[in-house]
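Asks: Single-letter residue listing:
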Amino acid sequence: MIEAKVKHVKPAVFYEEFFRKGTGQRNTHYCPGCGHGTAHKLVAEAVTDLGVQDRVVFCSSVGCSVFAYYYFDCCNIQCAHGRAPAVATGIRRVLRDAIIISYQGDGDLAAIGTGAIVHAANRGENITVFFVNNAIYGMTGGQMAPTTLVGQSTKTTPMKRSVESEGYPIGMAELLSSLKAPVFIERVSLGDIKRIFKARRVIRKAIENQVAGRGFSFVEILSPCPVNWKMGADNARRWLLENMEPVFPVQNFRDRADDSRPGRGNKVKEVSDEEYYDLFHIEEESSSCVMQTKHTVGTQSVKIAGFGGQGVLSAGVILAKAALYKGLNSTWLPSYGPEMRGGTANVGVIISSSKIGAPVVDRPDMLIAMNGPSLDAFEESVVKGGLIFVNKSLIKRKVAREDVRTVYVPATDIAKELGLVAAANVVILSIYALCSNVIDIDTLRKIIPEAIKKRNLISINLKAVEAGVSYYDKTRCEV
Amino acid sequence: MKDPERVVIAKECCKGCELCIDACPRGVLEMSEEINSSGYHYSVFANKKDCNSCTLCAVICPDMCIEVYK
Ligand SMILES: Cc1ncc(C[n+]2csc(CCOP(=O)(O)OP(=O)(O)O)c2C)c(N)n1
Ligand code: SF4
Chain A
1 MIEAKVKHVK PAVFYEEFFR KGTGQRNTHY CPGCGHGTAH KLVAEAVTDL
51 GVQDRVVFCS SVGCSVFAYY YFDCCNIQCA HGRAPAVATG IRRVLRDAII
101 ISYQGDGDLA AIGTGAIVHA ANRGENITVF FVNNAIYGMT GGQMAPTTLV
151 GQSTKTTPMK RSVESEGYPI GMAELLSSLK APVFIERVSL GDIKRIFKAR
201 RVIRKAIENQ VAGRGFSFVE ILSPCPVNWK MGADNARRWL LENMEPVFPV
251 QNFRDRADDS RPGRGNKVKE VSDEEYYDLF HIEEESSSCV MQTKHTVGTQ
301 SVKIAGFGGQ GVLSAGVILA KAALYKGLNS TWLPSYGPEM RGGTANVGVI
351 ISSSKIGAPV VDRPDMLIAM NGPSLDAFEE SVVKGGLIFV NKSLIKRKVA
401 REDVRTVYVP ATDIAKELGL VAAANVVILS IYALCSNVID IDTLRKIIPE
451 AIKKRNLISI NLKAVEAGVS YYDKTRCEV
Chain B
1 MKDPERVVIA KECCKGCELC IDACPRGVLE MSEEINSSGY HYSVFANKKD
51 CNSCTLCAVI CPDMCIEVYK
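Chains as they are written, first to last, in my numbering: chain A, 1 to 479; chain B, 1 to 70.
Keep in mind the hints are simulated off the structure, nothing from the lab.
Treat the hints with care, as some may be off.
Mimicking BS3-like on lysine-lysine, the simulated pairs with C-alpha atoms at most 25 Å apart in a straight line are [as the list claims (entries may be wrong)]:
1) A:Lys194 <-> B:Lys2
2) B:Lys48 <-> A:Lys194
3) A:Lys10 <-> B:Lys48
4) A:Lys10 <-> B:Lys2
5) A:Lys454 <-> A:Lys398
6) A:Lys398 <-> A:Lys355
Given only the sequences and the hints, what does the whole structure look like? Please build it.
Replies: Now the structure itself:
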């Protein structure tokens, strides 16, 4: 008789659904037989079983594992290429309780990020590094990695890697073993079932070390990349066993879990705020913020969105600089993901009379929608009572919401008359300056020559400001 | 009596990496002849009466497509 489910299929640290490929998806984006899928699951199981999910900061790298944040339900940071150990170090110094995982590929860790990993290991940071060595650059389509085997052909070594030309593969586990500080270094393999279960134990141990505050742990995971090795999943595992393991011996290189020498990242002396102020001669916290606007601004979050070429990002720069000029604080965060190429570009600007934490704009107080898809994408996100500027030259529909204020401006038409379609953004900014309390029109006139990089476009953008002013005078667009 | 459905495989999630086939100590699982909508042959619970619900296949599956019942 079938009574009960005996194995929960998903470790709790994984999201129930993976939104990467659409709602309801249950599997990862990894290729069939890719070691990343297995490595993810092993890490997830360890985190779940050790009960530290709420403390985990997962630093993912650039490579096929760039999307780890779609899977791990914990704090995630997608780090610049190769820099995950440096980011992890920073987090270590400010979040004492965090369990920090740096998850990196071989192009990431052993090529562009060689410096970052060596120094993090040498400082003995109390972090755990998982190094997925698949002897190739996966994501970019199979170029040679520092770990590519001699005799292996890749996109960039079509005549096979040779010692004369490209040198020998780097053994990162061996290299880091020459350092004094690391407490745990082991190489594991995903070449067959037995080895995967071994890897499971080692991965768990590497996280346990950190939980116990022991110091730097490093696990190198030999991992198949069937697609770029140009073979099926089962052959890839065989190839790994037969070719990679002889070059990269699967063994423990160091286990000093019991050793309690000083020099662990965890035990760095904490520096207080006062000490920092002394160090950098900072007198008083926010004396630099003088409010000069009609009303107190508080914090204003602005989203400006359109398609490439509409000057969306530079409109953000102008706005942010104008705020700085007024003695306010501001941040500028552009967004144009690889999957949005040719689609919408957007920028988030935050203006505040106090310090700004994160520069992310999720719920804008104001939206400038330069084209239809932008209004579609962001209308809902605007806060209740917020303000939406609509470029009515290109957007034929009205704002559907009734709990926001709206201003319709034929910005592209006005800009076209001036002879520079890309100045539509400035037309809208000038109207914004006239009807908001945040920046004023004189500031805008002063900032434009500074903010616009192409000298020959300054005068036409200044004209766009005046065109905005006269449109406002003519229509008195009520807000 | 029909052999019990101890192993349930979400065939649309399976990418055909064959790890479960390697993992199963009793040779219970087989690859399908057909392909799923992603174009992969998928794992099938074939030799049902040999299964003892050891869960190794579910533990090893990187895409968490397998549930085991006892
Ligand atoms: C600064 C920078 N340089 C280059 C790239 C292009 N790039 C993306 S992934 C990658 C290599 C990834 O290879 P690896 O770390 O081995 O990871 P895998 O995809 O094999 O898991 C490169 C060079 C980039 N995104 N950023
Ligand atoms: S390209 Fe290679 S590393 Fe990337 S997902 Fe596919 S098998 Fe994995």
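Asks: Indicate, hint by hint, whether the structure satisfies it.
Replies: Evaluated hints:
As the CA atoms of Lys194 of chain A and Lys2 of chain B are separated by approximately 33 Å, the hinted pair breaks the 25 Å bound. Among the hinted pairs, Lys48 of chain B with Lys194 of chain A is consistent with the structure: their alpha-carbon atoms are about 24 Å apart, no more than 25 Å. Between Lys10 of chain A and Lys48 of chain B the alpha-carbon distance is near 23 Å, which keeps this suggested pair within the 25 Å criterion. A hinted pair counts as satisfied when its Cα atoms are at most 25 Å apart, and Lys10 of chain A with Lys2 of chain B does not qualify at roughly 29 Å.
In summary, the hint linking Lys454 of chain A to Lys398 of chain A is not supported, as the alpha carbons are separated by about 34 Å, beyond the 25 Å threshold. The straight-line distance between the Cα atoms of Lys398 of chain A and Lys355 of chain A is roughly 35 Å, outside the 25 Å bound, and the hint therefore fails.
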